Each structure stands twice: as C-alpha cells, then as structure tokens.
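Asks: Residues per chain, in single letters:
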Amino acid sequence: MTMTQIERDGRGAAAVPILRLVGRAVARAAVAVALPAAAVAIALACGAVLLALNGFDGADVVNVMILGVFQDFRSVTEILLKAVPLILIGAGLCVAFRCNMWNIGAEGQLYAGAVSATLIGISFEGLSPWLYVPAVLVAGALGGAIWGGIAGFLKVRFQASEIVTTIMLNYIALIGTSWLVTGPMRDARAAYPQSARLFREAWVPDLIAGTRLHIGILVAVALALVLYVFLYRSSAGYAVRVVGINPHAARYAGMNAGRNMMAAMCISGGMAGLAGAFEVAGVTHRLYQNISPGYGFEGIAVALLAGNNPLGAILSGGLFAVLRSGSELMQITSQVPQVLVSIIQGIVILSVVAFAAIRIWPRRRS
Amino acid sequence: MSERPFLRMDNIHKSFGEIIVSAGVTLEVEEGEIHSLLGENGAGKSVLMSILCGILSPNSGQIIYKGRPLNIGSPREAIRHRIGMVHQHFMLVPNLTVAENYVLGQGSPLRLIHDMEKVHARIRELSDRYGLGVRPDAVIEDLSVGEQQRVEILKVLYHGTDLLILDEPTAVLTPQETDRLLDLMRGLVKDGKTVIFISHKLDEVMRVSDRISVMRDCRVVHTTRVADTDPRELARLMVGRDVLMELPRAPADPGDVVLSVEGLSCRNDLGLPALRDIGLQVRRGEIVGVAGVSGNGQTELALAIAGLLPIDSGRLALNGRDITGLSPAEINARAFAHIPEDRHKMGILMPLSLAENAILERYDQPPFAARGMLQRRRIAAHTRDLIARFRIKTPDEEERIANLSGGNQQKLVVARELARDPDFILVSQLTRGIDIGAIEFILQEMLKQRDAGRAILLISTELEELFAICDRILVMFHGQILGEVPADRSRLEEVGLLMAGQKAGHVAQEA
Amino acid sequence: MESRVFRRAVLMGGMAGVLAGLLPAGKAWAEDLKMGLLVPGSVSEEGWNRIGYNALKGVQEQLGATISYVELQQNPASFEKAFYDYASQGYQVILGHGFEFQDAALSVAEDYPETWFLISSSDIHEGRVIGLHTDTSQPFYLMGVIAAKMGKKAGLVGGMEIPPIQQAFEGFKNGVRSVDPDFPISEAYIGNFTDTTAAKEAALSMIAQGADFVLPNASGATVGGYQGIAESGADVRTFSIFSDFTPVAPDNILGLYVADYAQGVVEVVRGIRDGAPPEANVVFGLKDEKVMQFTFREDGPVAVPDAIKAEVAEVAAQIAAGNIQTHSN
Amino acid sequence: MLDILTLGFLATLLGAAWRLATPLIFASIGEVISERAGVLNIGLEGTMLMGAFCGFAASFATGSIPLGLAAGIAAGMAFGLIFAFFTITVKANQIVVGAAINLLGLGLTAFLFRTYYVSTGRGVDIARPVRIPWLSDLPFFGEALFRQNLIVYSTVLVTVLAVILLYRSSFGLTLRAVGDHPKAVDVAGRSVAAYRYGAVLIGTGLAGLGGAFLTLGHSNQFVEGITSGRGFIALAVVVFARWSPVGAFFVSLLFGLFYALQLQLQAQPMLNIPYQAFQALPYLMTIVALIVVGGKSAAPRKLGTPYDER
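Protein chains in written order, with the working numbering: chain A, 1 to 366; chain B, 1 to 511; chain C, 1 to 329; chain D, 1 to 310.
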C-alpha cells in the first residue's frame, strides 16, 4: 500500500487497506450519483419555476411530486410496479449504449415481447404455473430480442443506421399489435379491442397479496444486477464494451465487432420484450393496443441518467417511476397538467448532457 | 540569410495541454525558392505550416510576411495574403465537383452560384497551363488519389497564391506522379511563386530544393543550401539524437525460424499497392529491425502480419504453420504478440482501467476468465505484477489508463504483450512519443526477451532505437525491402542511404 | 395510429393514478360524499372525456360532493390502480368513464364491497358495479333516418374501433336501413383520437366519393371532420354530436344531439346517497329527456323539412317506448 | 363496382395526399438541410408540436394567419436554438438532445394548452382554399388538386427554394461541405459551427411551419399530440429521399398518398384489407430503402458527428 493509494482512498469511505476497494467503490458511486442528482434538482427547480409562472404553487414539485407519493404503503407498491418495466428496459439499454448501438426501439421491442408472451399465454390451458409463467416470460424476452436483433442485423449486414431502423420498427410493432387485437387475436366476446385473457396459470404471481405488485420487481432488480455483472464482470460483457469504445482495438484483440453488436441489440431487445411480458402476464393479463404508455422511450432517459450502468438503472428507473406517480398526484391535488413530467424529464436529460460537457471542457480548452 | 526575408516565422510555440508540438521554431524563407522542410513524423512540420495558414493559433511567436507582421490565427487572413496550402489529408469535399470545391467559402454566403461556366473555363485554362489534366466537373470521390492531389494543387493556384505549401505531397504518389509533381514545383517557381515543400524523403528533397530546413523534436535544427549538404548529413540531422544509447548486450544466437513471410503483397486502405513481394524471416533469439522513412509500407507490413489487413498474395507462417488468412483472434492464439504502431488507435482503451487494459487479447482465456466470468483477483494480481515489473507509475491497477503518461501507457502495452509468453513479438514504433527513461527501460526489456529465446520483428522509423537493440536491419523503400544491414552503428549512413532509396555498392542485395 | 405512437414516443405522462394520500381523509369527512372519475384521455378535448368530466362537476355542484379525476390515456395497466386508490381513500362512488374500465372495476370491487363503481357505456350489473349506458345508438338511429330521407350516401368517420363508437354507428346504420335497406354507407376509422387532419381528410374523401351526409365521431379529432364538411359546401349535411359544433360548420349542421350525461349521473349518485341505488344497470335513452337532447336547428340556413321532423319524432317516441331496437346486444 | 378505378377517385386521392403530405414536406426538407450539414435532429416531433401550438396561440390572439405562421416558424427556431446549442456548442450527442427536445415539446405544448386554452373551446380561422386560374378549371384534377390553400401550394415553392439554397447558392455549397468534410470548410475560412447553427435553424423553422400548418392550414384547433408522429415519419422521408429536397417532396407525397389511400380504402365496403397494412407501409419501405441503397452510401459522411477543431 503506497502513500498515493491511501491518499486517494481518503476521498472514499475507508482508508483501511482491506476496505480499499470498497472505499473506492463508494467514492465512485458518490460521484456517479451526485451529478444525476444535481441534474434532477435542476429539472425540478425548472418545473417549480414553470408552475409558479403559470399560477400554480411551485413548492408542489417537492411536496407533492416527490414526497407526496410516499404517503402510504400501497402507493409505494404502485411506484415499484411502474419501476419494473423502466428498470428492465433501462438496464437493457445500458448494454446497447455501452456497445455504441443507439437503440431507440425499446418501445417496439416491448410490444414484440408483449405479443409473443400473449400468444403463449392464451394457448396452453392447464399447464403448471411452474412451467407456464417462465415460458411466457421467455417468450416475451425472445420476441423482444428478435425485434432488436433485426435492427442489429441490418446494421451489421447493411450498415443501416440502427437509429432509423429502430424508430421504423417501433411503428411496425405498434401497428402490428393494433391489427392483432382488432383482428386475429381479438377476444370475440369482448367489445373492447383486446386479446383473450391469459390463462390463470400463466399469470405472474403477486409479490405482496392485496397489491398489484408482482414478482417482476425482483426479477427486474436481479436482472439489472445480472447485466451489471455481465458488463463489468464477464468476458463477453468486456468484449461488448471494448467494441463500443474502440472497434479498432476490438479487432486488434481478436473480437468480432458485428457479433457483439448483435448481442447488444438482442440483450436490450430481450429486456424490453421481458418488460412487455411482465405487463401482459403480471398487470393487464390481456394484450391491448396501448399496453405501454411510453416505457420504451422513458427507458432511454433512465439509461442515460444511470450513466449507462445497469446498477444505476435501478435507481434512475425508480426515480422516474416516482416522477410519474408524482405527476399524477399533482393533477389530482393541484390540477397541474400531468405532462409536467415530460418537461422535467427533458430538462433532466439536458442537464446530464451539460454536466458531462462541463467535465470535458476544461481539458478541451487547455 | 537575407536582411528582409520573404517570410520569417519567429520563435513559434504551440502546445496542446502538456504536449508540445512546436518548441520555439524559427524559420526563414526567401522569395522565389523551393524551401524544403525535412523531418521525421512528429517533428512538427505540419503543425508549423498549419500555424502559418491560420488553422492553428500559436501560444506565442510572430510571423513576418512580405515585411509585415501577419495577423495569425485566421485561415481567411492567410487566404487574403495569398498563402495556400496543400494538406496531407486533402481538404476536398468528396461529394462536390472540382469547381464547387474551388468556389467553396469564396465571396458572400448569400451569393447565388450562377457563373460556374466562368469558373470551369478558368480551371481548364490553369489546368492546361500547368499540364495537370483536371476536369472541372469531375466529382472528387470518383477521382484517384493522384488526381485529387492535382486538384488540390490547382485549387491553391486557382485562388491565386504567392506562397505555396505542400505537406507531404509525395506520400500518396507513384514515382511517375512524383516526378511530375517535382517538375510542376519548378515550373511554379519560374512563375515567381515561392514553395515550401514538406517531406521526409531525402531523394526528393535533394532533387528539388533550393534550401532545406531540418526539423527535429519540434524545432528547426539546421537550415542549409542544397549545394552545401548531402543526404548523409541530412539523414544524420533528421534522426540524430544527442545521446547515443549504449545498451549492453550479448551477441545474438539465432535459432529456428519463427516467423516467415514469403512474397507478401497487399494494398493500403486507399486501395494503392503498399507492399510488393516482401520476404523475410525472424529466428528465435534475434531482433530483426525494419527501418525506413514512414509511409514506405511499414504500417501495412505490421497489419498484414497480424491479420488485420487482407493480403493480395503471399504466405505467412508462424513456427512452421501457415497463418495466411487467419483471423486476428486465431493468430493471437498462436503465441503471437503485437505492440501496435498507434497505441491510442489500437493498443489501449482510454476510458478503461489498467487492469481492464491488461487483458485485452486474453479477456476470455484462463486464468483471466473462467466459466465466462472475468477473474478479477487474478487480473488485479496480474496487473499489479506488470505494474511492478515494468515500474509503471500509477496509483494502482484500477486507475484509468487515460490518466497515465504516454510512456507509462506504452509500458503497459509492452508488459501486456510480453506477459502472453509469445514466441514471436511484432513491434511497431516501440518508443514513439515517450520519454527517454521509458525508452531505455523498454528497449532493455526487449533485449531480455531476445535472450529468452523469443523472435522479435521491430518496425521503426527511429534509427537510434533500431541500432540500440537489433541484430540486423532491413530497410523498406516503396513497399519493398531494399536491403539488409548488420545493426552496427558504423553502418548508419548506409541505412540512411537505403532509406532514401539509394543502394550503395557494398550493400547486400535482396529481393 | 400515429397518435398513440406519438404519445408513447414523447409523452410519458400517459398513465395516471390517484395517490390521494395528501387529500384530507379524516373522520370529519367520513359522512361526506366523495366521488372519483377515471377518464381514458384528456379532458381538455371536446368530446367523450369532457362529458365524463362535466358529469363529475355536476355531482360536485348539485350534490356538494368532493371530487377528483384522473386521466389514464387508454393504458389498461393503470386502471386497477386508479380504482384502488380512490376506493382505499374512502371514495364512495367511482365513475370509470368507458367500457374498458369494467374488468378493472370488477376486480377491485372484490376488495371493496362497500364502494359503488359506475361504468360508462357498459351493461354490467354485478353487486355494486353498475353500468351506465347512454345508448348513443338511439340518437344516431334518428340521424340515420334523416340521412336516408334527405341524402344519397352517408359517411361515418370514427376514431378507434371501440364499442361506444361502433355502437353509435350501428344505430345509424339501422336507422338508415329502416328507411332504405340499400342506402350506401361508407365507414372509416382514423386509428386514434388526436389526428384532426386525418379526420378531416377522411370526411373529404367520403364527400368526394359522393357522401352527402357525414358524421364524425372521434373524440378530440371530431372537429377535423366538421371542418372537412364545412369546406365541402352546403350540400353536405351533418349533425352536431356531443357538443355544439355549429360555429365550425354553420351551413351544414341540421341539428344537435347533446347528451347531458351529467344530469343522468347526478340522479344515479343522488339515489346512492339517499339509499335508493339503481337495482339494475342504467340505460339512458331518448326516454330520458333530461339526459338526451335531440334538437333541430331553427335558425340555420339548412333545415329538416317539417314532414321529416314529424316522422323522426314518431320514431323517437317508438324508441323511447322500447318498440324499436336500435342496436343488437 | 369498385369506385377506386375512376378518375375522380384518383384526383381526390392526389388532392388529399398533397394536403396530408404538406407538414411532412416542410419538416423533411428542413431535416434534409439540417442533415446535409451533419446534424441529425430526431427532435422534429417536439419541434413540430411547438410550431403547431405557438402558431395556434398567436393566431388565436391576433386573428392573423400570417402572424400565426410566423410564430410557428419562430417557435420551431427557438427549439432549434436549444438543440443547436447543446449539439454544436456543447457537442453533446445529437440523439440524446433530440430525445429531450421531443419530451420538452410535448410537455410544454400540452402544459400551456391546458393551462390557458382548454376552456376556451374556440378555434381559429384557417387558411382558405385559393383557386389558381386555368389549373383549377381542369376537369377532375383541377377540382381536386388545385383547390388548396396557399400553405399547401407553398410546398412547391419551399422545395424550389431549398434546391436553390442547397445547390445554387454559396451558402448551400458550404453547408453540404460542412456535412461531408467540415475541416475543408474550416480551412477555407468559414465557421463550421455557424453553418451548422444556420442549417439547424432553417430545418427547425421549417418543422415549426409544418406544425403550424396543422393548426392554421388544416384543422383550426390545437389538440395535444396533434402531430401524431409526423416528426418521426419526416426522419424516414429524409432517408428514403436520400437527402435530396426534391426527393423529400415526392417521398412525402408518396407517404401522404398511402395515408389518403388507407382512409379511402376503408370507406370501400367491399375491400377487406386491414388498414394497418397501409399504415405500416411507409415504415417498411424505409427499411427496405435503407437495405437497397445502403445505409451509409448516400448519407452525409459526418452525419451525427460533432466537429472538433483539432
């Protein structure tokens, strides 16, 4: 242990040698959390100013939007329920973005997953839940992975910009779902366009009885951890990151850039597809044409705020779920339009971007 | 030196952060001469000329042009003063025509372009006058590199120029095209223009210049009339180091052939022939050097051996087994190590830690990976070991490699490659951009590797480095191996001549 | 379709829920009436969602209830939560404004047997989950009769293919066929409730193909349909539905169908408060004159001939008496 | 039999296609200009919404359509300025900033509309159709194609102006160079950043105009989310049109045609094609176009890449 090391560790929590790594991890986490936190604070401040300028109470942003949603236990479970798709998608997108693949298509991948999960969930009556639930979830993940993989394939094989293709695939998935629930998959007995109800054995079990919170939250957190481990602890994840940082170096190291890009798209697509499966099998139990209120797009912001780190996506996914719930609460208590949340999310993104620039600027200017 | 020079650049300093790229350069150019700037890569030639053209702003220093101070730091100022530059990387917009490129940035932005016929006529007229064969309506991306260069030169002439700067213009030309270019330069001087010719090719410089300034380590070290010098002196000035390193070493004891290259030919990324029928062998326990002025195929040689550049013909073998056409991963797996030419482009990943950089090619192999997982303890221990053995200055193995100095970064690359226990080590530009202390350390390490029975191919433009550790030196010129010289300092001039494409009588001829 | 995509694309504030923890919920309020509303879209648009909101306001004004509403942007995942939130906060009456809320209400009702769940445009009656159906097919049936008597071809522009709209159109078609079984009708859905441009173009294309009686029914996008009609000249006839669109198409609108749903809801809620809840699902129709107002314009440049008016009045009476079935079940 | 084979049907279809294409033409030509300078703006949707809302609000307040259109353009450019500041000056990732712009556009327009206009329930006057002598009198086509308002006609003018700007002006020449080889422009003494700002502002101004058309040239009211995804379709148009303004005009028309056809075919009781098939067609065709023409071949070489002076 050299002096330098101890000095550096002094910035962290512990200078005791055995805790050196822990201390550094804490220090890094502190930095990783501080900037996004500042970005969120700026965005909330902007939101408060906007409210005040338009005749609302600016303090509501904190009192209602953030603190208000923690008033009772059920509200907390509902926040967690909203966090499930956000964490899944955000964590998955971290992998794509780390590989420098701009997957804007998580929304479409979510729909592809929801459709696949529904197809399985309405087809096999009497299966044991121990078999059925995993089958439905796997089907969802596969559907999403294929949808993401299409964009990956077009990129690797034809150099087609994944930004454009994923946007196009979003629309195709949404339109396709609309056709399915008004056409071939429509529940003939129901007037509302929706699929048949999934068999009960295919329903994702509740985590807490009496609430809607299902075990998806555990799966989401666990998978975010798994993806963190994948990216930072596995050799395959290492290759994904290297390809994203520097494709030349990746080739030099003997990695196949195309294969890694495909993998990154399939993983992020699979996570989004799984989110779709959880919505269908855990929440609505039917496929609707509006199964997602934009989780796929919000997931982009979740990943960005997390610094493309799947662990961070757990926190930022949770935060965005709070903002969403909070904005709903504000509409009820103060008649503040719910769309305030979009404005706040937009400012969060711009603040994160600006902070990143400020960190780079001094170096560039010197 | 004249009393009132045409151009005087005085004590020009420029740095990017801690990297100094111009260390107080002073340069004088007289009217109506061809003045060559000679120097190795990184000697600061292009930077100096970019400052003259206003593309870069110097930290300090002044420029006197035609007797008056030049307001520096603005490209438009340079254009206004009829200073034109042909850049090494062409400043031609690929999707525009020749004529459109010429009017780019001219006049008011709100102007409508309606007089293109006049522009075409003038281009044709100028093109005919200098015999350049430029078609004004050709789209740049359809032209060959040689044609594009003529377009670039004509662009400068079209804008009207008194001082023409040519930055490494011959690097991309065939010998015939080079001859035409040199003729053109003479013609321009006859028309009353002044030419600054940047090159590191001795023969061309000797053929065309009136005066020559040699740059080294971001300074002009010598200016002379061409009649007062000779290629040997220039070669020495170019590559010379004040301190000659004498590393103790035992005579080589070459064993079996490890790497053998036969009849290797390939093209560079522009599609031009880069290597022609290269043949060489490297044996166990020897260091073979490849010398040559940069741009003579060394980069392609390294990439082709490593499987990173497709080859047109030829055969590569490692330890007697054919490796022609194998993927980089497959070659890596055959006890092959590669210290690449440009560590930033290939060798290291700037945002990652030392530990993560230390496993670049072995990220999925034991002991660093087991059942698909990175073995962090082993990687850390391994990296700490490398740090200790190579005395890499870093707080610890978790530090971002971007925070290290160039020398320490390179030490990690060297350490990583050597730690793979290779039979063969391919080394490019081993000591580029790093400090003397690190150089000496790394060179000694290479000698140890040789003595441990490894075969090493060292490609370098630094003659000093080659002489310090190599057992024999191959000299590349125009994509071929022109000759082989024993690595004895007394033969330095011989190597210099070969680098300039001149074969002396007593040099052993090779294919 | 684009609209939904769009909403997802940029609007993340789709789903809503009531987290009424901050609302005063002390004992002092326990005796007071509290009513919550779930609407599937924005109450800022003229149309369906506004009708639900007006009903809520009516209950507040006439019964002095504490009210709250939440917009759910057609996202089914959020329906149950919203019901739970209101129910758990002691709201005695919750109005789910749309058929799509029915499943969620049934599920929540299991846990809150004391709470009344009112579901718009539903025929349900299970315990305290009660459907309140404004039978829009009835006035549309009348419009169909008028269309077949006055025009040559009819056009229907819908938002999305959901029951309230389909049922209204079915009533219209039945009305037309009661006069002329071969009368041509074209029908198109724009696939969303926001794209006014598409609604307008759909109306224009129908008119170009000969339709001279066109009815738009697409919630927020409805106004686009009236614009298309207005631009096509006075030969095209229409009715103003749900709101008064006369300023948009003054030369074309023959009359108004306005549902005072609020009045109907107020009466139901009053019954609940006073211990006289409905005993079956509630259907508002032409029989409920307070709720359903079907009027002809007297001032306009276009008018329905008196003979036809009289016939329509006769048909209306038959419907109110239950003698004419305006839609299948 | 089928009405769809008649000349009248075709004429009506084309007229509708042109109107439906109008916002796409403005936005996609704007995006062509922006992308030609190397800036990919996926924030078009939010920008168009701002144009639609501000155009509506200004016209609501003043009763003037020209003022409304000007406000729509100005609102688009204001968003363009934010986008340009972050992507060009701060050099942030263009995709990320574009996503933020979409959120802001949606949020702000809905927030302000609800706060100030919801209860008014009143619309604004919209631009009236204008007859063009001779053309409007042509049988069938005159009636359907040439009874549009001036904003629709102006798409032709904007296309011509864009062609002149891009291919016949010094500004356009430099702008195209900025997207392909910014260093060459820098060396020629022009500011890359200034040109990119210019391109983004023109692009977002046109997107704002496209949005304003929706509230001032077609419907007379603002509805939340009225753009209904047109900003994203415009991105597809640009790729399909291979970064050419004339191409953008015709591809927009083609997409408008699909939309119009979809509406008309639904109204044909005897045809039983799911309308979703037509809705999905533009997106599928864009992907096919990307595969056929190759992703990189036609795109500006530095698209999406911030310019670093070093």
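No lab work stands behind these hints: they were computed from the structure.
None of the values given here were measured: they were computed from a predicted structure.
Hints are supplied without guarantee of correctness; some may be wrong.
[Said to hold, decoys possible] In silico contact screen, one side only, chain A against chain B (beta carbon under 8 angstroms); selected entries: (1) Asn-63; (2) Arg-197; (3) Ile-245; (4) Pro-247; (5) Ala-249.
[Unchecked claim] With a cut-off of at most 30 angstroms between alpha-carbon atoms, the simulated DSBU-like pairs for lysine-lysine come out as follows: (6) Lys-287(C) / Lys-309(C); (7) Lys-118(B) / Lys-91(D); (8) Lys-118(B) / Lys-190(B); (9) Lys-448(B) / Lys-91(D); (10) Lys-345(B) / Lys-393(B); (11) Lys-57(C) / Lys-309(C).
For every residue, glycine included, the Cβ atom is placed at its ideal position computed from N, Cα and C.
Asks: Hint by hint, note whether the structure agrees.
Replies: Going down the list of hints, with the structure as the test:
{"no.": "1", "hint": "Asn-63", "in the structure": "violated, 40 angstroms"}
{"no.": "2", "hint": "Arg-197", "in the structure": "violated, 40 angstroms"}
{"no.": "3", "hint": "Ile-245", "in the structure": "holds, 5 angstroms"}
{"no.": "4", "hint": "Pro-247", "in the structure": "violated, 10 angstroms"}
{"no.": "5", "hint": "Ala-249", "in the structure": "holds, 5 angstroms"}
{"no.": "6", "hint": "Lys-287(C) / Lys-309(C)", "in the structure": "holds, 18 angstroms"}
{"no.": "7", "hint": "Lys-118(B) / Lys-91(D)", "in the structure": "violated, 40 angstroms"}
{"no.": "8", "hint": "Lys-118(B) / Lys-190(B)", "in the structure": "holds, 26 angstroms"}
{"no.": "9", "hint": "Lys-448(B) / Lys-91(D)", "in the structure": "violated, 47 angstroms"}
{"no.": "10", "hint": "Lys-345(B) / Lys-393(B)", "in the structure": "holds, 22 angstroms"}
{"no.": "11", "hint": "Lys-57(C) / Lys-309(C)", "in the structure": "violated, 34 angstroms"}
Of the numbered hints stated above, those contradicted by the structure are hints 1, 2, 4, 7, 9, 11, listed in ascending order.
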